[in-house]
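Chain Y is already provided as a structure; the job is to place chains L and U on it using the hints.
Chains as they are written, first to last, in my numbering: chain Y, 589 to 877; chain L, -6 to 321; chain U, 86 to 334.
Please keep in mind that the hints were generated in silico from the structure rather than gathered at the bench. As the structure is a computational prediction, the values presented were derived from the model and not from experiment. Some hints here could point you the wrong way.
[Stated by the list, open to error] For each label pair, taking beta carbons as the anchor points, the in silico distance ranges come out as:
hint: 1; chain 1: L; residue 1: Ser22; chain 2: Y; residue 2: Gly848; range: 39 to 47 Å
hint: 2; chain 1: U; residue 1: Arg194; chain 2: L; residue 2: Gly8; range: 43 to 51 Å
hint: 3; chain 1: Y; residue 1: Pro679; chain 2: L; residue 2: Lys175; range: 25 to 33 Å
Here a beta-carbon is modelled for each residue, glycine too, at the ideal position from N, C-alpha and C.
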Amino acid sequence: MWETLAQAVINGLLIGGIYALVSIGVTLIFGVVKIVNFAQGEFVMIGMYISFFLATQFGIDPLVSLVVSMPVLFVAGVLIQHFLIRRVLGPNDMPQIFLTFALSLLLLNLSLMLFSANYRTVHTSYSDEAWHIGGLYIPVAKLIAFAVAMALSGLLWVFLHTTDLGRAMRAASQNRDVAMLMGINPNRVFAVAFGTALALAGAAGSLLMPFYSAYPFVGQVFVLMAFVAVVMGTLGNVMGALIASLMMGIAESLGIQFVGADSGLIVVFALLLLTLAFRPSGLGARRGR
Amino acid sequence: MQTSGNMKWLWLVIGAAVMLALPQFVTSSFAIDIFIRILLFSFIGVAWNLMGGYAKQLSLGHAAYFGLGAYTSTIMQVNYGISPWIGMVAGGVVAMLASLPIGWLCFRLRGPYFTIATIATAQVLMLIFLKFRDFAWGAEGTTIPNLGSAPLMMQFEEKSSYYYVVLGLLVVGLWITHLIEKSWIGYYLVAIGEDEDAAEAIGVNAPKVKRDIYMISAFLTALAGTFYTQYIYFIDPATAFSFNVSIEAALVSIVGGIGTLWGPVIGTVLLETTSALLQSWLGSSVGGIQLTVYSLILMAVILWRPTGLIGFATDVYHRYARRKPARA
Amino acid sequence: MAEALVIKGLSKRFGGLRAVQDVSFTVQENETVALIGPNGAGKTTSFHLITGFHRPDSGSVLAFGNEVVGLKPHDVCALGMARTFQVAKPFGAMTVLANVMTGAFLRDRHVAAARAKALEAIDFVGLGAKEQTRAKDLTTIDQRRLEMARALATQPRILLLDEVMAGLNPAEIDQAVALVKKLAASGLTIVIVEHVMRAIMAVARHIVVLDHGQKIAEGAPKEIVENPEVIRAYLGSYVHPPAQGDAHA
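For reference, chain Y alone in the conformation it holds in the complex (with noise of 0.2 Å):
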């Protein structure tokens, strides 16, 4: 009994770890940009497949192929910034709700059409490795991928926490009127922040692909756990994301464990319609006047 639930937490653990990167890249969006980004999860499905392609073609491991997605991804953050979200800024919520939420829809099919929905997998030399400490069983691709995405989350809050740039943006998320005063420039705090949440769900995706499979559809588990999470976490704060999405990898595991294989989501769900029901506060339950 306590060695199922021990394996449960682990496992839920080291998938929270994922799940933080993309929660952090929600957070950060909406923290200095004000939208919430719909199509996170897609950038998570196009990491997965720069890793899955450089792996097939080129022989490239998963994990260092992280040094292409990233930086492919915030270029892509930066351009997808400059040329379509900050014509959409503004008091409405419409086009910004339905920019990102078409992007996502664009995304998704478009992948579809070009890769069909076929599930691909990358097969490594430690992808069926695993520790065995005790009774209990450590998956090694998941041990790297917690372990990279929580140096990623740290090399974050050290940027945002000790640059002048992450200083600017904290100071945009906390107030954008202070943030304008101190001259700082707020396009390119919005693409440097957009191009960072895509480069962080790029790195999601390529760290994934050693044990998990790229399809089509596969960004949009991801994003609906980072929105349970981010709402947990109170929105724009990278920390309380960071600890939600662990959180929620754990409650998850355990709702696969002791509920049944198929309730994970329902389990993500519930959780998501309770935070709603009993801590909209922290999420713009009304918009500040």
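Chains L and U alone, transformed into the frame defined by chain Y:
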């Protein structure tokens, strides 16, 4: 004013005559099928538009009501032999009742959080119907027993009969929208969509207005669910609570003109025609092409004309109407 | 004269910040009272508390003897208290007429009656020629006029005006002052938050001064400008003296 009023009636009469006569001239089953799809999604769009368009409550969870309507009538028909005509109304009532707790939950949120919450509620309902095998057949779903020609059980041999049923639904939806648009409720809805605080400040009971209109919207969407299930003779959670229904309901309204009477109809005609053309050119073998094109159209509308095709026309009209007195 | 609005011990905290602290004042029927104070003094928060947008931590607000605390904004409005916002909130996509009709529907659900009432209010504020213009196409002063017309259409007995003159040029301020005087002359009780001292002196019979959420003075305009505590509050936190035409530069 008088002439423009008369013109409007003339157009309506011509339009009605064309719509009624259409199945007599177009007999291709493929074409009728497309007309039915256009009418059905226009109707769903009209139902969505009441809440999403006029009051700008951007739901992406209307599949919840579509599915509840579909399941209510199907369960009544398959398990108890009750006519879907009755089941349709019952489904509407079930959806209305369901909209109360769902609305209570979602309307506490604004903007994107409202949208996320509506997605989640529809998904939860789908998962529930996947799990409950005892009364709703679980993931496999069920086929509707084919009784041949049984109008009292909403089953017809002629496709054109289905056409007239869904045309009737659309007319009802448009008529209700028209009545609401012209009355105080219409003004209140638009005011809530524009600025809820300002609306409250001048005496608009925003939560109550939203709740009431959400109920009507849910009711109408459920009718579409029953019709669709009867039309395809099949139901399962994935089709009844399909996210695509939620998406298309919102999409046709936004593309055509959010918060306008005819917007959803115009949007549906554009999107469904595009989709039909794509299908005949490329065949249905290329997965994802339809939604790829839809999302491109949606992005184009949002970036260049957030008020949709109808909004484009009104913008031009207002510019003209505003300049006219200056010239005179 | 009867008491239109009696505010007693109104307090509100946001986190650690005491936004409004034990504020009391009374507005007589048919009187125009100005609420002034440096930025962040709690004027707008007081409006939110009085009109039901925020719920006070303690205190009471009586409008013609009815307790208003705990009511929703739309109920407060139905009781006869209408407000405008510091940043005008027109229903941008609607025409001026439709905006004002939305207010008029509170008292009469019939379209024709609401239309008649709305046209009356639109004429009163001087927007007569622009009833078919979309609200988002209006100039700043016309948006303020629209807000007042919309509030008027709800047939209030008390009107709360939140900085209706901010961002206006001197000529427009004169027009706005004339309009406020006209409103007062029509028998309305008015509470006005304002920075433009010239305007306050012209319209208010009684002034309440807030600073750091507390009432520091109250009285006739002449007494207030000479009150040493008021002068210190303004000099202490405000770069410009409040007598400037537009303090919101």
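Each hint tested on the structure:
Look at L:Ser22 against Y:Gly848: about 43 Å separates their beta carbons, and that is inside 39 to 47 Å. Distance hint for U:Arg194 and L:Gly8: a CB-CB separation of about 31 Å, inconsistent with the stated range 43 to 51 Å. Between Y:Pro679 and L:Lys175 the beta carbons are some 28 Å apart, a value that agrees with the proposed interval 25 to 33 Å.
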